[in-house]
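**Q** When you get a sec, could you build the whole thing from the sequences and use the hints?
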Amino acid sequence: MKLLKLVVAVIALLMPWVTVAQDRPAASSQPIAIAGGKLLTVSHGTIENGVLLIADGKIAGVGTAGSVKVPKGAQVIDAKGMTVYPGLIDPETNFGLTEISADDETNDLLERSDEIMPHMHVADAFHAETDLIPVARLNGITNAVVAPASGDTIAGQDLFIQLYGNRQQMMLGNDVALAMNYGAEQRRRGGRGEGGKSKYPSTRMGLITELRQTILDTQAYVAKRDAAAKKSDAEFKRDLKYEALIPYLKGERPVVIGVYESYDVETIMKLAEEFHLKVILNHLTHSQEVLDEIAKYKVPVIIGSIYDAPRANERYDAVFSLPAELAKRGVKIAISSADAGGPVSSHSSRNLPYAAGMAAAYGLPYDDALKAITLNVAEMFGFGDKLGSLDVGKMANVVIANGDPLDVRTDVKRVFIQGVDVPQVSRQTKLRDEYK
Amino acid sequence: MGSYKLPSHSFVRLFAVASISLAVCAAAASGQQSASEDIVFKGATVMTASHGTIEHGAVWIHAGKIAGVGETVSAPQSAKVVDAAGMWLTPGIIDPHSHSALDGDVNEATSPVTPSMHMIDAFDNRSADLYRALAGGVTTELLLHGSANMIGGQAVVIKNKFGLDRDAMLFKGAPGSIKFASGENPKRVYGSRDQLPSTRMGNFEVMRMAFEDARHYMAEWEAYNAKVKKGDKDVVAPKRDLKLEALADVLRGKLYVQIHCYRADEFLTEEAIAKEYGYKIRAFHHALEMYKVAPEIAADGTAIATFADWWGYKDEARDAIPWNAVMSMRKGVRVALKSDSDDHIRRLNSEAGKMVHYGGATEDEAIKMVTLNPAWIIGVEDRVGSIDVGKDADIVLWNHDPLSNYARAMKVYIDGELFFDASSTGWGTTHFTGVMHDGGDFGSEDQEDGQ
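In order, the protein sequence lines correspond to chains X and B.
Taking this note's numbering, the leading residue of the first sequence gets 1, the next gets one more, and so forth.
Taking this note's numbering, the leading residue of the second sequence gets 437, the next gets one more, and so forth.
You can take every hint at face value.
Stretch by stretch, here's where chain X covers chain B in the computed footprint (C-beta under 8 Å, at least three residues): (1) 562-574; (2) 835-843; (3) 858-870.
Please keep in mind that the hints were generated in silico from the structure rather than gathered at the bench.
Just so it is clear, CB atoms sit at the ideal spot from N, CA and C, and this is done for glycine as well.
**A** Structure representation (structure tokens):
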């Protein structure tokens with residue numbers, strides 16, 4: 001009897017695992033040929049009636065019909081009338097850090113105890129089973145940067161994910177970038193005015209001084225640490241905050257700076273250049289006055305939200321046309337799915353391609369728009385050789401849709417991530433099918 | 437500097453723009469020529485919203501009304517011809533749920549029953565929100581009270597004639613609407629103060645108590661009127677009570693009832709209370725779970741004004757699915773899309789386009805969700821919402837299929853008069869002069885919930 005109970009218990013324990021395993025197919029060893037579709041390669045133009053070959057989770061061939069040898073026994077997917085393109089990459093999300101925005105118990109968006117929190121690792125909090133990820137994946141989002149919310153001057157370190165697999169498989173890169181912010185939102189944290197917390201820093205002067213001091217302290221820490229290492233000083237105590245900053249001060253990894261206003265851009269870039277930070281500018285929606293200066297910085301820019309409100313006396317399309325204006329000046333751009341008013345949640349990550357379409361509607365060349373949500377993002381975050389285009393040797397993150405990927409009317413039919421034909425299922429499709 | 441931004445430091449350019457706008461204004465004022473002249477749009481893809489799409493169609497407008505529509509029209513020789521070849525022509529976009537141009541005065545959240553509030557009192561006709569909506573092709577808006585209260589205030593219907601004075605922007609003859617709400621918002625607002633209601637039980641009992649008050653008030657007046665009729669000269673009239681009169685108007689069916697609620701169970705409870713007290717619900721707003729109970733609600737004739745694909749921002753939006761609109765429509769519910777956002781109001785056309793993607797709406801069905809169906813919800817479907825002879829000439833010309841996010845509104849006409857022209861420099865407005873007022877913050881989720 002006891003044994004029976006134990007067996008039942010073991011089976012019960014195994015059941016969820018079995019279910020998950022059924023829900024989550026692995027890559028097939030059989031090669032897959034997607035044939036007859038229009039291939040948007042992103043890196044080398046459009047191929048009509050193309051063939052894309054997938055083997056061992058990688059892209060093994062790209063070209064016109066006839067130019068790609070399809071091995072015997074390959075699964076052939078007819079993509080006539082379809083568009084085939086690389087998986088989309090959202091450069092800023094909160095995937096796995098939030099579930100229901102208004103329910104704070106479900107949020108791990110920001111450590112609010114201090115403004116300087118480089119030792120917060122998004123990877124530690126990442127909730128891989130979030131409902132948000134399959135919802136976005138259904139619309140062809142295959143990869144994303146997961147960042148903390150923007151309330152801190154230094155909010156923590158970003159995680160780079162793919163939107164399928166077990167947790168370990170999904171986490172393609174921990175601590176890929178430092179999430180920084182500068183401007184009015186961070187200043188208000190100090191609680192100026194009546195009833196405020198009157199806590200330093202409460203002004204832009206305070207924010208910049210605190211940041212500069214932090215960098216100097218880190219440099220002093222490194223000097224002390226190196227000196228201690230030479231003396232093999234056992235008493236030296238590691239400081240996780242300073243340790244976290246070191247690779248960024250060495251310029252080894254990018255610092256993503258969220259900044260809205262033109263004069264804030266100029267201030268923060270002075271500091272960034274002084275300390276040779278490898279900058280990616282983010283949230284630049286109200287910097288129309290300094291676009292030429294931004295081009296001179298030679299740093300990439302993430303635009304988000306493209307739906308932010310223009311100033312009261314600006315023309316209605318002042319933000320819609322920002323990607324085009326930056327691209328015209330030779331700036332490498334990415335576009336994020338952030339909602340108007342700031343990157344509040346990632347429930348709308350599935351609308352990423354439409355934000356790029358909006359940029360195209362307001363003057364951004366089509367190829368640049370597609371690149372801004374694929375290859376450019378991959379390159380900014382160190383995945384340019386693995387993701388973002390249909391090229392042999394890259395991860396087989398591939399989407400098949402029934403039309404132009406940037407148009408709201410288009411329906412995504414299939415999504416491959418590292419060669420896995422991921423079922424088009426989410427909590428939402430289950431509800432849809434239940435009430436059909 | 438972006439090439440489109442108005443250089444506010446440049447007096448010369450600003451003055452030039454202002455002068456042109458003034459000139460247009462003067463022309464419009466002197467005998468309304470621009471509205472009364474005959475205009476014919478030729479060669480457009482005409483999406484009528486009521487009777488399909490006409491390729492290379494023509495629309496004739498006369499005296500601010502649509503006078504003809506078809507492959508050809510019999511307009512007088514003198515009519516001004518607008519070559520619209522390669523463009524799309526639709527009715528003006530109608531938003532049945534907006535809190536624009538109210539400077540944040542959305543909720544009188546000091547009592548759960550405030551039916552005597554009138555949104556017109558907060559209406560700021562110089563708000564940049566209106567301008568940006570106009571540039572997105574929006575010609576009619578229902579400006580609603582927020583969702584803090586079970587029974588909120590009375591809405592105002594506007595025509596987006598941006599640049600005209602307040603009275604000229606009101607939709608003349610539109611019926612009155614009142615906003616109700618249930619669920620998390622009233623629970624949170626009053627529950628956090630340890631006041632009634634802090635639960636859904638409390639939500640609905642607050643409504644019943646209010647209607648009991650209204651019935652009593654109506655009975656007092658009936659008794660008084662009966663005595664007066666009998667010739668009783670000593671009888672004293674009951675006190676007029678603005679709150680109870682508004683509630684009585686609900687019970688008399690004089691106000692369209694527009695209800696903010698999310699969950700399937702709430703639709704059913706709201707319908708039961710409406711039947712208990714004898715009023716009709718015009719539309720559920722948000723209604724993200726309508727797909728679960730659509731046949732029941734279709735039988736009651738209540739419409740919905742919903743989002744295309746917002747979800748997950750609060751617990752009662754957890755079961756939202758982007759197929760809600762089309763699934764509900766297929767089960768017989770009249771479906772409109774709405775903005776509830778100063779951002780989304782600028783692109784309701786492509787929100788409708790998403791319905792082609794989610795559930796396979798036809799283009800006709802999709803365009804109806806942002807024109808004719810919201811017109812019905814507001815109660816102005818005989819006046820606007822489709823390209824039909826006799827309707828107001830509220831017309832948008834687009835450079836691309838309006839259901840695509842590539843589409844830009846190029847020209848917007850209201851009552852036959854041009855109010856927005858994207859090809860002109862500066863703002864593109866034809867009537868506005870002076871300084872725009874800053875719009876509200878763009879809420880990314882259920883804007884009114886911020887209150």
